[in-house]
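Engineer: Once you've looked at the hints, dock chain B against the given chain A.
What follows is each chain in one-letter form.
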Amino acid sequence: MSAKILEKQQLSENVFKLVLDAPKIAKKRKAGQFVVLRIHEQGERIPLTIADADPAKGTLTIIFQVVGKSTAHLSELKAGDSLLDLVGPMGQPTHVEKIGTVVCVGGGVGVAPVYPITQAMKNAGNHVISIIGARCKDLIIMEDEMKAVSDEIIVTTDDGSYGYHGFVSQALEEKYLMTGDRKIDMVVAIGPVPMMRALCDVTKKYNVPTVVSLNSIMVDATGMCGACRVTVGGKTRFVCVDGPEFDGHQVDFKELIDRQRIYLDQEKQCYDHYCTCRQQGKGA
Amino acid sequence: MEMKERLKIPRQPMPEQDPQVRKRNFDEVPLGYTPEFAKAEALRCIQCKKPECVEGCPVEVDIPGFIALIAEGKFIEAARKIKQTNALPAVCGRVCPQEVQCEIRCVRGKKAEPVAIGRLERFVADYERAAGEVSIPKIENKTGKKIAVVGSGPSGLTVAGDLVQMGHDVTIFEALHAAGGVLVYGIPEFRLPKAIVAAEVDYLKKLGVKIETSNVIGKVATVDELFAEGYDAVFLGTGAGLPSFMNIPGENLNGVYSANEYLTRSNLMKAYRFPEYDTPIVRGRNVAVIGGGNVAMDSARTAMRLGADHVYLVYRRSRQEMPARIEEIHHAEEEGIELHLLTNPIRYIGNGKGWVTGIECLQMELGEPDDSGRRRPVPIKGSEFIKDVDTVVVAIGAGSNPLVQSTTPGLDTNKWNYIIADEETGQTSREGVFAGGDIVTGAATVILAMGAGRKAARAMHKYVMSK
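First to last, the protein sequences are chains A and B. The first sequence runs 0 to 283 under numbering that gives the first Met the number 0. The second sequence runs 0 to 466 under numbering that gives the first Met the number 0.
Since the hints were made in silico from the structure, they are not lab data. These numbers come from a predicted model, not from an experiment. Every residue gets a Cβ at the ideal spot worked out from N, C-alpha and C, and that includes glycine. There could be a bad hint or two in this list.
Heads up, incomplete: computed chain A residues facing chain B, CB under 7 Å, no partners named [unchecked claim]:
#1 M0
#2 K3
#3 K23
#4 K27
#5 G42
#6 V86
#7 P88
#8 T221
#9 G222
#10 C224
#11 D257
#12 I261
#13 Q265
#14 C269
List of simulated lysine to any residue pairs, SDA-like, C-alpha gap at most 25 Å [to be verified]:
#15 A/K26 to B/A227
#16 A/K27 to B/E228
#17 A/K27 to B/N214
#18 A/K27 to B/E224
#19 A/K23 to B/K3
#20 B/K269 to A/P92
#21 A/K56 to B/E224
#22 A/K23 to B/K145
#23 A/K136 to A/I153
#24 A/K23 to B/T406
#25 B/K3 to B/K145
#26 B/K269 to A/K56
#27 A/K23 to B/K209
#28 A/K29 to B/D223
#29 A/K253 to B/I348
#30 B/K269 to A/S215
#31 A/K234 to B/G249
One chain only, chain A, in its complex shape (with noise of 0.2 Å):
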């Protein structure tokens, strides 16, 4: 089905946020889960995890940072224009439950696909604890959002120019892992991988459960193709359909990180090749 773009708005240098008219999955959808979308005929198919839904609006929050040519046309769409395809909500969604304190973490636009997990976390009468980090003060995202879903938020920046000076796993581990002020139950983090990593191996060393979710290379995201494919304690599972969440601690980030690299040079080929058409006007 093709959906509509209702709102447009850039929330920093190269991320956007789409509001989408999409009722039946805005329905559906529950905190972790994903859609796919199509931008155009020769467009490739793209998982974005959902940020938000409003079911009584039948309306989908889309979060995302321009990376390649598929995200930076997506960027120059508008209020008004639809989207070719959208299918969704894809992924198992996030188990969530009262156990205690809960730490959501989100990196850079990890902040985004957090957001609804923090806010279910937070209903189920969880403590929850806010962690959202960025490189500088000018790529954090959806602070008030955080904030209002949150008991307690930290904000970092690697240069320091706002919050807590370092990373969202240097932030965890200093402020409450090492001073044992309040049990930690679980943490939930999400963001680029090598942060994700850094992460699980900090909460690895004090025992915290930690739950990852994973944007793998998708094609269909119905299990049918495996090009998602991860190795999760030593088993292969499918991050469209198994995932996109798993225990951070039994993940192989190596290779994840490594099959992340697959297309790097045809996606290179493909942006320069956009950018440059854009530059002359002709349109990719």
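Structural biologist: Relative to chain A, chain B alone:
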């Protein structure tokens, strides 16, 4: 023409693209009969009183009937004759294994070669489409019954086509963005042009079938929710869409694909036209394809067309046991695919940066027959060898996708998670729910799925009309 003269006509050859040319393009390999070829071939049919060929056809096409019309030059009428029992003749004429179905039963085959039924079917379907004279039968009596069909592959399209012609209101739900199932994501352009699938799907739409693409049943709606929405019966034709891997070391290295992924990228996403299309694919120079079925042949021939220097087809049994159609093996060999028979991969070797660079194999020999009746391949000790490859496509079969089964309480499945359905009716353990095709039988052929769809359609009609 006298029977004696008719018996003298040789089986008409199928004009084909030259192997050296076609191995580097994605255009269709067989070019199709001309009207002259078709008429000559049709005259070879001796119009048996008790045609055995029809018994060999899972959807019981009136084979002598349509062939007689071709002999008279009535090509459009011949196409319509087929369409009385087969909604997808252009597809079936291309991908059906006629040599083990209708043509193997042809009496002409006993002394000479059988009538080329498949080529004739293809000819009239193409002729009708090219002439723009595709007729849309008028559907007289609307029943007011709503039918949901889950999956738009061969079984789903057949069920939908049959039921809409019986006057029901039919909606197909397809998970992907294009209708056709394996016909669009699996079978390559050079064997089944996607424009032909689109035309056959379009024909169903003209008959009144509604097609909702990008709708994953089991996710956006469950089977129970379809009933709650007012559907009177549901057909599940979700296919065998779960790729099998061998679980050997190195299978997750970059450059190692499941056949489903490799073919989906190339066919559905048109990665062979990258960067005109955005979806990329690894264009390997030395490609190993693991398996001996039609999907393995499709993968190997796709790899060759993507520019490979060498494509090795690695199969653990001998040529005799290969499940692929003989014609496909023949085409593959003509195009330079190198068969490594009685060879089994045991691990993939990486370059330390996550990319596959080699495949280690064992030589096999045939032992005693196994459960399938085929002689079991047994490893020869100490026969390990390594071949340099930069791409691997694992084409060793597919399992059942659990999305629908896991969200439909009371739907019985077997130990492989295929849906249990009555062979004659497609009836499942859930009232009003029918199933057919690969999701019941495991990965099989297009025409068998269509046959199951035909039977299920009859049973579903009976079911909704008695409600």
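Engineer: Hints first: check each against the structure and report whether it holds.
Structural biologist: Here is how each hint holds up against the structure:
Contact between A/M0 and chain B, as hinted, is supported at the beta carbon level, the nearest pair being about 5 Å apart and thus within 7 Å. Interface hint at A/K3: violated, since its Cβ lies 14 Å from the closest Cβ of chain B, which is beyond the 7 Å cut-off. A cut of 7 Å between beta carbons decides the hint on A/K23: the least distance to chain B is about 5 Å, and the hint holds. Hint on A/K27 holds. Least Cβ distance to chain B is approximately 6 Å, under the 7 Å limit.
Hint on A/G42 holds. Least Cβ distance to chain B is approximately 5 Å, under the 7 Å limit. The beta carbon of A/V86 comes within 4 Å of a beta carbon in chain B, closer than 7 Å, and the hint placing it at the interface holds. The closest approach between the C-beta of A/P88 and any C-beta of chain B is roughly 6 Å, which is under the 7 Å cut-off, so the hint is satisfied. This hint holds: A/T221 has a C-beta 5 Å from the nearest C-beta of chain B, less than the 7 Å allowed.
Below 7 Å, beta-carbon pairs count as interface contacts, and A/G222 has one with chain B at about 5 Å; its hint therefore holds. Below 7 Å, beta-carbon pairs count as interface contacts, and A/C224 has one with chain B at about 4 Å; its hint therefore holds. Satisfaction of the interface hint for A/D257 is found here, the shortest Cβ-Cβ separation to chain B being roughly 3 Å, below the 7 Å cut-off. Nearest Cβ of chain B to the Cβ of A/I261: about 5 Å, under the 7 Å cut. The hint holds.
For A/Q265, the shortest C-beta to C-beta distance to chain B is roughly 4 Å, which falls under 7 Å, so the interface hint holds. Hint on A/C269 holds. Least Cβ distance to chain B is approximately 5 Å, under the 7 Å limit. A hinted pair counts as satisfied when its Cα atoms are at most 25 Å apart, and A/K26 with B/A227 qualifies at roughly 16 Å. Of the supplied pair hints, the one linking A/K27 and B/E228 holds, its CA atoms being roughly 15 Å apart against a limit of 25 Å.
Restraint check for A/K27 and B/N214: satisfied, since their Cα atoms lie roughly 12 Å apart, inside the 25 Å limit. Restraint check: the Cα-Cα separation between A/K27 and B/E224 comes to about 12 Å, which is no more than 25 Å; the hinted pair holds. Of the pairs offered as hints, the one joining A/K23 and B/K3 is violated, with about 66 Å between alpha carbons and a cut-off of 25 Å exceeded. Taking the CA atoms of B/K269 and A/P92, the gap is about 31 Å. The hint is violated against a cut of 25 Å.
Only pairs whose Cα atoms come within 25 Å are accepted, and A/K56 paired with B/E224 is accepted, the gap being roughly 21 Å. Between A/K23 and B/K145, the direct Cα distance comes to roughly 20 Å. Compliance with the 25 Å bound is thereby established for this hinted pair. Restraint check for A/K136 and A/I153: satisfied, since their Cα atoms lie roughly 13 Å apart, inside the 25 Å limit. Note on A/K23 and B/T406: the hinted pairing holds, with a Cα-Cα distance of about 17 Å set against a maximum of 25 Å.
With a C-alpha separation of about 54 Å, the suggested pair B/K3 and B/K145 falls outside the 25 Å cut-off, and the hint is violated. Taking the CA atoms of B/K269 and A/K56, the gap is near 36 Å; set against the 25 Å cutoff, the hint is violated. At roughly 18 Å between alpha-carbon atoms, A/K23 and B/K209 fall within 25 Å of each other, so this suggested pair holds. Simply put, A/K29 and B/D223 have alpha-carbon atoms about 19 Å apart, close enough for the 25 Å limit, and the pair holds.
For the hint pairing A/K253 with B/I348, the CA-to-CA distance comes to about 16 Å; that is within 25 Å, so the pair holds. With a CA separation close to 21 Å, the supplied pair B/K269 and A/S215 stays within the 25 Å bound. Distance restraint check for A/K234 and B/G249: the Cα-Cα separation of roughly 12 Å lies within the 25 Å cut-off, and the hinted pair is therefore satisfied.
Hint violations for this structure: numbers 2, 19, 20, 25, 26, all remaining hints satisfied.
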